[in-house]
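K.L.:
Residue numbers -3 to 206, in our numbering, belong to the letters of the sequence shown in order.
Be a bit skeptical, because a hint or two may be false.
[Claimed, not checked] DSSO-like mimics (lysine-lysine), calculated; alpha carbons at most 27 Å apart, straight line:
id	residue 1	residue 2
1	LYS134	LYS154
2	LYS127	LYS49
3	LYS127	LYS154
4	LYS176	LYS187
It should be emphasised that the hints constitute simulated quantities derived from the structure, not laboratory data. Values in this document were obtained by computation on a predicted structure and should not be read as measured data.
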Amino acid sequence: MRCTRLVGPFALVGVSVLQAQDLSAPAIAPRLDTAQARVIVATLQPRTPAIAKNGHATNRVLIYLDDGVMTRKEGEQSARIEFRRGDVRWRPASGAYTAENISDHPIRILEIDLKGPPAGKAPETPLDPAKVDPQHYKVAFENDYVRVLRIHYDAHEKGQTHEHILNRVVVYLNDQPNAKADDVRMAGAAKHAEENASGQPADRIAVELK
């Protein structure tokens, strides 16, 4: 199993946006940096094109932290992307592109930048949370690189005992007993039963790294 030890300092690589001194360029906030992935939050201001002249050499998982609309143009292809807070999208490596927030407010996108290929066939467990506790753990999508779990507990709910095999990036979508909304944490192998001890629902997203 790969190590989840955090490493530093954080490296700011990825989108080359206009010019470094341009105050309209997206703000980049590093959140985590491990052997498997680098996690940042990019904040895009309204009506401000962000130009990635060199493209992006690695695959990414994008988690939208705000409602919004943006456009993305790569070569002759242009797409309009509407999203809600908590939506998740797979973004494969690409060439040069231009992204623009066409909403009337800033939008934040959490980017999980994968540093390398999968380690091989993902291990399996009979206590897979999506199988033994589908009420609380649902697979949003899965490919050769990641599996994304959407996790929801109602107030005072307790789940079934389950096991996590892979390292995972966990994003908290609302305030919870041990975390605040938008907190990002790295978690490793564990066998446990979880309980939401609070009086409000708990929602989070777990991105398992293969």
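K.L.:
Looking back at the numbered hints, which does the structure fail to meet, lowest number first?
P.N.:
Going through the list in order, the structure violates hint 2 alone and respects the others.
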